[in-house]
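Start from the sequences, fold in the hints, and give me the full structure.
Read off the chains here:
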Amino acid sequence: MSYQVTLSQSRNEAGSDRGSGSYGGISLQIENVSKVFTGRAGTVEALRPVNLTIEAGEFVCLLGPSGCGKSTLLSIIAGLEPATTGSVMADGRNVQGPGTDRVLLFQEAALFPWLDVQHNVEFGLRQLGTPAAERRASARRFLELVHLKGFERSYVHQLSGGMRQRVAIARALAINPAVLLMDEPFGALDALTRDRLHTELETIWSSTRKTVVFVTHNVREAVALGDRVLVFSPRPGRIVREFRIDLPRPRSLEDHSLVDESAEILTVLREAIGEHEGEDENG
Amino acid sequence: MAKAVDFSQRVSRASFAPWLRRILFFAALLMLWQVIAMSGIWPDYLFPGPFAVLSAIITGFSNGLYLQAVGVSLSRLAIGYSISLVVGLVLGLLIGRNRILEETVGSLILGLQALPSVCWLPLAILWFGLSERAIIFVVIMGALFSITLGVDAGVKNTNPIYLKAARNMGARNVALYSQVILPAALPAIINGLKQGWTFAWRSLMAGELIFFTLSLGNLLQTGRDLNDASQVMAVMVVIIIIGVAIDVLIFGPIERNVRDRWGLSR
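Protein sequences, first through last, are from chains A and B. Just so you know, the first sequence maps onto residues 3 to 285 in this note's numbering. Just so you know, the second sequence maps onto residues 33 to 298 in this note's numbering.
Careful: at least some of the hints might be erroneous.
[As the list claims (entries may be wrong)] Here's a subset of chain B near chain A, in silico, CB distances under 10 angstroms, partners left out:
1. I193
2. A197
3. G202
4. R204
5. V212
6. A216
7. E287
8. V290
9. R293
Hints are computed from structural coordinates only; laboratory data are not their basis. No residue lacks a Cβ here, since even glycine has one placed at the ideal position from N, Cα and C.
Shown next as structure tokens:
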């Protein structure tokens, strides 16, 4: 309940800053996006042309083995990397570069070690030119939201992996993005911490209705979080199957239907990997 | 209560022991020095004892000569080092962020870094005469390349994920440099600054040896001219003390601060 109150407050403030009326997520259209890396060793096809439409406020999980190009797709959506072909539209507008409407979260959290927790969370607001007092209050509020009150003065190396991800989430939420792009953010955490962060993320998502694109190689994680799960084949990546997860929220990892759904998706994923290895042997 | 007392005693003893050993070592060294000086192997004016050197230091400071010399040398160091700092930061950032500059200017600086800065002295005298400008030029040449290469290394070794995260959160241009690239490179930059200061200090002393105006290096030279070994040794001690003081009082706290923040242990 307290989440709701704090969040709606902050959204109103950030919304008035921006002058636009939309607080929730925005839609994403990925049209024909592919990526070929050119390096010294020649060219590597990372991503086959991908077509994908994500609705405003939707929670989509990209599931696939390591190195299947799903992280590359996320970087392209964030505007941090150019696509070789195709285009990304965010809320109907063509993505030309990074923007604070789409924030990428990394597995390594990517917090700045030279800043304390408070100033890490303030970083994005400082770039926007938010006044210091407002920045401070906003950072406090989001740190409270991710249960890190009292750690404002800590430095990154003093935090556990789970706490670092919480700070990264607070830092991203502080600039009120419409889209959260999460690149295996909980991949390096122990199962217990991961479960707790799933719950927290789900709570935040359901109260803010931001669009979330969540990359993972963990089937259960994808099923526990996503409205939709898109299964990627190994490199060069392409979407092989799409699953709509209609289980009620909040979801429990012990839930039978969740376990069944996971098993089915895992089979598809195994097939995709197996096919790929077969191709390799033939080629 | 008893436990707490016991613990604090153990801590203080542990940190006290190395200092005790150090003090004993230096006391023994001073005694050995005194014994050799008194043995009469070399005449007093070539090998004075520690007391003669100490009295030379006291005389030198009480008549104001040493203080003035320290002032002159330190102000030269400050001017030369400040210029190196500003130029080195800019050059290092440019080289670190631009591949063409890296391939051209970067390799030039690597080459120049191999040249001991005192080698610039003859050229500096030809260009500027026996002037302040000549000696400051040599100090700059001593510090500049180390600082530049330190900044360059720091910028290059910065985890690219910090830049991605910063750009994603809207950091651009000047803010990107001042709030991300420079602070991320700080540990390496401090190494470069430290090395630069050492080189600057050495080249300053070498340069001052051949200058006629009062300075620390010049005092060494006049001590030699006057056959006054106790003055030479006294000035050497002063030079050592200044060097150690700058290391401990200026670079020590900066380095400790960065290590604590980043959690770099050692």
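Numbers of unmet hints, in rising order: Violated hint (a single one): 7; every other hint is consistent with the structure.
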